[in-house]
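Asks: Next come the chains, spelled out residue by residue.
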Amino acid sequence: MLTPADWETIESGSIQRVQTLNLLLADIYGDQKAIKDGILPADLVFKNPNYRPEMVGLKVPENCYVNVCGVDVVRGGDGQFVVLEDNARSPSGVSYVVENRQLMRRTMPHLFEGMNVRPVLDYGLRLHRALCEAAPAGVSDPQVVLLSPGPFNSAYFEHVFLAREMGIPLVTGQDMVVENDKLYMRTTGGLMPVHVIYRRINDEFLDPEVFREDSMLGVPGLMRAYAKGNVTIANAVGTGVADDKGVYAYIPRLIKYYLDQDAILPNVPTNLCREKDGLQYTLDNLDKLVTKPVGEAGGYGVVIGPRASLRELEATRKAIEKDPANYISQPMVELSVSPTLIGGRVEPRHVDLRPFCVTGKSTWVLPGGLTRVALKKGSLVVNSSQGGGSKDTWVLE
Amino acid sequence: MLSRYAENVYWLGRYIERAENLARLLDTHGSFARDPRATGDWEAVIRINADEELFFSRNKEATAAAVLYFYLIDPKSPTSTLNSVGYARENARTVRHLISTELWAHLNTFYGEMHELRRRDIGLARLAKVAAFIKTNCQTHTGIAEGTLYRDQAYRFYQLGRHVERADQTSRLLDVKYRQLQSVEEDPGSPIDISQWNALLRSAAGYQAYRRTRPGSMSTSDVARFLMSDSEFPRSICFCLYRIKYDLACLESEHGLELGDEVRETLGRVMEISGQTPTDRIEPAWLHQFADAIQDGLLGLSGALVSRFFGVAEAAE
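First to last, the protein sequences are chains A and B. First residue of the first sequence: 1, per UniProt numbering; consecutive thereafter. First residue of the second sequence: 1, per UniProt numbering; consecutive thereafter.
Read the hints as simulated data drawn from the structure, not as lab findings. Please note that a few of the clues may not be correct.
According to the in silico footprint, chain B covers these stretches of chain A (three or more CB under 8 Å from chain B) [stated by the list, open to error]:
#, stretch
1, 82-93
2, 127-134
3, 183-192
Restraint ranges, calculated between C-beta atoms of paired labels, are given here [claimed, not checked]:
#, chain 1, residue 1, chain 2, residue 2, range
4, B, N59, A, P220, 42 to 50 Å
5, B, G147, A, N116, 37 to 45 Å
6, B, Q139, A, E397, 51 to 59 Å
7, B, Y207, A, P119, 56 to 64 Å
8, A, E397, B, R118, 26 to 34 Å
9, A, R129, B, R126, 57 to 65 Å
10, B, P78, A, D214, 49 to 57 Å
11, B, G143, A, G76, 45 to 53 Å
12, B, R118, A, P331, 57 to 65 Å
Just so you know, even glycine gets a beta-carbon here, dropped at the ideal spot from N, CA and C.
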C-alpha cells in the first residue's frame, strides 16, 4: 500500500527516468552528444550487444523509443525509494497487476470499502491509446497488433490478456507480410494494413533479413517498412542499449545532462568493474557486495556477497577477473518487507515494485505496479523465474 | 479475422466431428462383431481410415483389442480419438479469445478424461460405454458451441469444418458398411441383414427418421440413398453439402468475404457428384467409387478454403 505522497515520488521519478531514457536513445541513434561531451563512455554504447546500428538516423514518432517501461524500485533501510534497474525492452508482468486486483476484489471485497484505491483496470485502454498516438504520421485510425512468439512462450498468457484488453489481434510473425515496404496481416478477407506493432519478441528475432536469419518469429522486410516510417514498433528496436546494467550507473548524470534536474529516484550506488577503481573495490569487498553480470536479465548470475559461500565467492572472483567489463557491484540494499501469507501464517518477505510507464504523446504511470515478493525466507531474489510471487499493490487517493 | 484463427476454428470443428464419427463407427462395428454369425472384420475399420500402413507397421493382426487401442487411446496414432480431441484442444487454445470460456473449459475436461482411459477401459465388452462417453462429450461440445459462440466469421468457419468432416465421415461409413451389407443381401430379410442395416442407421443416428420416412422399405439401396441424399437428415452427405454452401454464403453476404472461383468450383463439383445418386439398385462397386469421389471432392474444397482464406492471400490494393 502506498500513500499519495510516496506515490508522487515514484510517479514523478519514473516519468523523469522514462524521459531521460527516450532522450538518451534519440541521442545514441542521433547526434551522440552525450558521448561527444564525455558523459557516457563510447564503448559502453557501441560494444553493447543491444546497440543496433540499423537504428542510426531512423526517426521514431514522438521521439518515443520506450513506449512501455518498467522501473524496478525498492525501499532501503532508510525508507528511501531507489531504482534497481530500468526495463526498457519488453517488460512483463502487468497482467498480474490487473489479475491480482480482480482477484482481491472478488475474494476480499470488504477490504476495499472506503479505501479510495486508484484503479488499474484501465491499463489496456491507456496502452492502446498511447500506441495509437505513436502511430506513423498521417494514419488516422491505426491498426495495432500484439506480436507474440506464440503459445509456447512463458508469457503467452500475458500476451493473450493484453490483446484482449486492448481489443487488438494477437499475431505471430507468420500472420504478417511486408509488401512494397508496407506491413500487412493475413486475414480471411485478404491482406490488411498494420500500423503499430506492440511486440513481445526480442530485437534479434524481428526480421530475418536484418537480424537472426533463422528467426521464424519475425517478419522478413519489417525493418524496411520501419525505416520508411510505415510502421511503428513499440518498444523501438535497440532500446536494450539504455537499460543495460552498465548504462544504468550513468542515468543520474544523464538526467542532469538532458533535463538539468536531480534524480527524483536515486540509483543504488554502483561500482563498474570496467573501471580500475570499481574493479579493485569490488574484488576487495566481494563478501559485502551484490555482484551482477551486465548482460543478463531475470536475476540470473546475481551473487549476494554476504550470503554466498566461499566457493561461490571464489567462482565469482574468477568470472569477474576474466571479463571485468561484464560486471557491476552494488552495496547490499536491505529490501523492505511486506506481510506475506506463508503456509497459513503471516510472515515478513522482501519485496520490490515495478511501476509500468506508458508513453505516447506523454507518459502515464499505472498507479500501483507489480509488487514482486521473494517467497523464500530471507531471500532478496524476487524474480518470478526464480520462484518469486506477486502482490496486489494499492495507491491511495 | 486473421487467417490463422479461421484455420484454427475450422480444424476445431473438424476434429470434434471426427472424434464423434469414429466413436459411432467403432460402436456400430462392435455390435456387428458381437453377432456370432458375422465375421469380426476389424480390418475394415482400418481400411475406412486408410491407416493400413501405420497400423500393420506396429501390429501383426487386426484384433478387436489392437484396433480399439489404435483408434481410441493410442498416443502414437494420429487418428486416435485421444489425438483428435487433443488437436481440437490445441486449436481451441490458440483461439481462446474467440470462443467462450465454457467451450474451452469443457474441451479441457474432456481431453483430461480421455487421457485417463486405459486399455482395460476400452475392451470390446466396454466399447458401448466408452463410445457413449465420447459421443456425449462431443455433443456437449456442440451444444455449448451452439449456445455460446458469437456468430461472427469464426463461427462460420467452425461450422464449415464440422460439415466438411461430417460429409467425409458419412461417405466412409457408407462405403465400408455397405460392402458388408451387400454380401448378405442375397437372402433379403434374413435376421442378420436386418440387424446389420439397423446398426448402420443407428450408428448414424438415422434409424428413427429412416423408419418414419420410408415405412416398409428394407433394401440396403434405400438405406444408402438415405445416408447419401436425404435433404432433411443432418448426417447425410447432401445435407452437409447444403450446410457448407449456406455457411459460405453467410461469409460472403454477412462478412463481405469473396469466395473466389476455386472455392465455388470445388463446391460445385462435389455437389454435382452427390446429386448423381441412382434411383434403382446401388451396387457396392458404384458406391465405393462414389465415396471416393466425394472424399476427393471434399479434399479439393478443403484445399480451396486453405488457399483462399487460411493461406497466403494476394496483395491488397
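Asks: Is the hinted range of 45 to 53 Å satisfied by the C-beta distance from B:G143 to A:G76?
Replies: violated (59 Å)
Asks: Counting residues of the stretch 127-134 of chain A with a beta carbon closer than 8 Å to any beta carbon of chain B, are there 3 or more?
Replies: Not satisfied, violated; 0 residues make the cut.
Asks: For the stretch 183-192 of chain A, do three or more residues have a beta carbon lying closer than 8 Å to a beta carbon of chain B?
Replies: holds (count 9)
Asks: In this structure, is the beta-carbon distance linking A:R129 and B:R126 contained in 57 to 65 Å?
Replies: holds (58 Å)
Asks: For the stretch 82-93 of chain A, does the count of residues with a C-beta closer than 8 Å to a C-beta of chain B reach 3?
Replies: violated (count 0)
Asks: Between B:Y207 and A:P119, does the beta-carbon spacing fit 56 to 64 Å?
Replies: Holds, since B:Y207 and A:P119 (Cβ atoms, about 59 Å apart) stay within the stated range.
Asks: Indicate whether the distance between the beta carbons of B:G147 and A:N116 respects the range 37 to 45 Å.
Replies: Since the Cβ atoms of B:G147 and A:N116 sit about 41 Å apart, the hinted range of 37 to 45 Å holds.
Asks: Quick check: does the Cβ-Cβ distance between B:R118 and A:P331 fall within 57 to 65 Å?
Replies: holds (59 Å)
Asks: Given the range 49 to 57 Å, decide if the beta-carbon distance of B:P78 to A:D214 lies inside it.
Replies: The hinted range 49 to 57 Å is violated for B:P78 and A:D214, with Cβ atoms some 28 Å apart.
Asks: Between B:N59 and A:P220, is the Cβ distance one that fits in 42 to 50 Å?
Replies: Cβ of B:N59 to Cβ of A:P220: about 45 Å, so the range 42 to 50 Å holds.
Asks: Could you check the hint for me, namely that B:Q139 and A:E397 are 51 to 59 Å apart, CB to CB?
Replies: Holds, at about 52 Å.
Asks: Per the hint of 26 to 34 Å, is the separation of the Cβ atoms of A:E397 and B:R118 within bounds?
Replies: violated (59 Å)
The earlier numbered hints that this structure contradicts are 1, 2, 8, 10, 11.
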